[in-house]
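Chains A and B supply the protein sequences, listed in that same order. Each residue of the first sequence is one higher than the one before, starting from 1 at the first, in our numbering. Each residue of the second sequence is one higher than the one before, starting from 1 at the first, in our numbering.
Don't read these hints as lab results, they were simulated from the structure. Please read these numbers as outputs of a predicted model, since none were measured by experiment. Positions of the beta carbon are idealized from the N, C-alpha and C atoms, including for glycine. It cannot be assumed that every hint is accurate.
To be verified - Derived contacts from chain B toward chain A, CB cut-off under 7 Å, selection only:
| id | residue |
| --- | --- |
| 1 | Arg43 |
| 2 | Gln44 |
| 3 | Ile49 |
| 4 | Arg63 |
| 5 | Gly103 |
What the hints assert, rightly or not - Computed list of lysine to any residue pairs in SDA-like fashion (alpha-carbon distance at most 20 Å, straight line):
| id | chain 1 | residue 1 | chain 2 | residue 2 |
| --- | --- | --- | --- | --- |
| 6 | A | Lys78 | A | Ser9 |
| 7 | A | Lys78 | A | Gly40 |
| 8 | A | Lys11 | B | Lys55 |
| 9 | A | Lys78 | A | Pro61 |
| 10 | A | Lys11 | B | Ser22 |
| 11 | A | Lys11 | B | Lys78 |
| 12 | A | Lys78 | A | Ala2 |
| 13 | A | Lys11 | A | Asn103 |
| 14 | B | Lys55 | A | Glu104 |
| 15 | A | Lys15 | A | Asn103 |
| 16 | A | Lys78 | A | Val19 |
| 17 | B | Lys55 | A | Asn103 |
| 18 | A | Lys11 | B | Gly85 |
| 19 | B | Lys78 | B | Asp31 |
Unchecked claim - To be clear about the criterion: a stretch of chain A counts as covered by chain B if any three or more of its residues have a C-beta under 8 Å from a C-beta of chain B, and this derived list gives those stretches:
| id | region |
| --- | --- |
| 20 | 18 to 32 |
| 21 | 54 to 65 |
| 22 | 81 to 90 |
The lines below spell out each chain.
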Amino acid sequence: GAGVSQTPSNKVTEKGKYVELRCDPISGHTALYWYRQSLGQGPEFLIYFQGTGAADDSGLPNDRFFAVRPEGSVSTLKIQRTERGDSAVYLCASSPAHTINYNEQFFGPGTRLTVL
Amino acid sequence: AQTVTQSQPEMSVQEAETVTLSCTYDTSESDYYLFWYKQPPSRQMILVIRQEAYKQQNATENRFSVNFQKAAKSFSLKISDSQLGDAAMYFCAYRSGRGSTLGRLYFGRGTQLTVWP
């Protein structure tokens, strides 16, 4: 079956612009996660959703970052007034449920965001 | 917050040989899970192996096995009979078993593994 997909694969924008990054999870997966991976670092947690609601958004770095999942499937990560420090690979993952702790998180290929 | 440390930025191994990647973590929790993920140049993270903290037996998946030392908070990955396709960045990750941070993975900085023919 299809895995987690993310669009666009690459995004180049200018400082101060608004961007949206999209994640299509595996069909039927109720939990969805966003991570940010800066160059030379491991992924850092941003937010996760259980269904339509954000169960934990404590990883969002500031109020320029916002994510939604209105119908409990596709999610969009929105970044306002982008800064050069936002440049990173943004990874999305999904899993069948978060209540079963060892459930594998299935990752997408990421979106590489470059802010000039 | 939990921290995960991978002290080896780079490792290399000859094809068919064995290599061990190190990982240590810091936590005050007793209920947690540990993972090794592989990230090839395609960027897609792939789960290699996982270990439940309550299990004393070390996890094994084909050529991949772990040495889980709970008291020492150590979780190393051993790759036996290394293959060219094993070349990738490897990340160690921690996940709480309960509480408000249940959903998140904490990752180390990664170890870049090179496999020589």
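Given coverage of the region 81 to 90 of chain A by chain B, checked by CB-CB distance under 8 Å (3 or more)
violated (count 1)
Is it true that the CA of lysine 11 of chain A sits at most 20 Å from the CA of lysine 78 of chain B?
Roughly 37 Å between the alpha carbons, so the hint for lysine 11 of chain A and lysine 78 of chain B is violated.
Is lysine 11 of chain A close enough to asparagine 103 of chain A, meaning Cα to Cα at most 20 Å?
30 Å, violated
Do three or more residues of the region 18 to 32 of chain A come closer than 8 Å to chain B, measuring C-beta to C-beta?
violated (count 1)
Sort out whether aspartate 31 of chain B lies within 20 Å of lysine 78 of chain B, counting only the CA atoms.
24 Å, violated
Is the Cα-Cα distance between lysine 11 of chain A and serine 22 of chain B 20 Å or less?
34 Å, violated
Hint consistency between lysine 11 of chain A and lysine 55 of chain B [alpha-carbon to alpha-carbon, up to 20 Å]:
43 Å, violated
Verify the interface restraint on glycine 103 of chain B: the C-beta must sit less than 7 Å from at least one C-beta of chain A.
4 Å, holds
With the threshold set at 20 Å, check whether the alpha-carbon distance from lysine 11 of chain A to glycine 85 of chain B stays at or below it.
Violated. Lysine 11 of chain A to glycine 85 of chain B sits at ~29 Å, over the 20 Å cutoff.
Satisfaction of hint between proline 61 of chain A and lysine 78 of chain A, Cα-Cα up to 20 Å:
12 Å, holds
What's the verdict on lysine 78 of chain A and glycine 40 of chain A, does the C-alpha distance respect the 20 Å limit or exceed it?
This hinted pair is violated, its Cα atoms lying about 23 Å apart.
Quick one, are lysine 78 of chain A and valine 19 of chain A close enough, alpha carbons at most 20 Å?
Satisfied, since the Cα-Cα distance of roughly 6 Å is no more than 20 Å.
In this structure, the hints that do not hold are numbers 3, 4, 7, 8, 10, 11, 12, 13, 15, 18, 19, 20, 22, in rising order.
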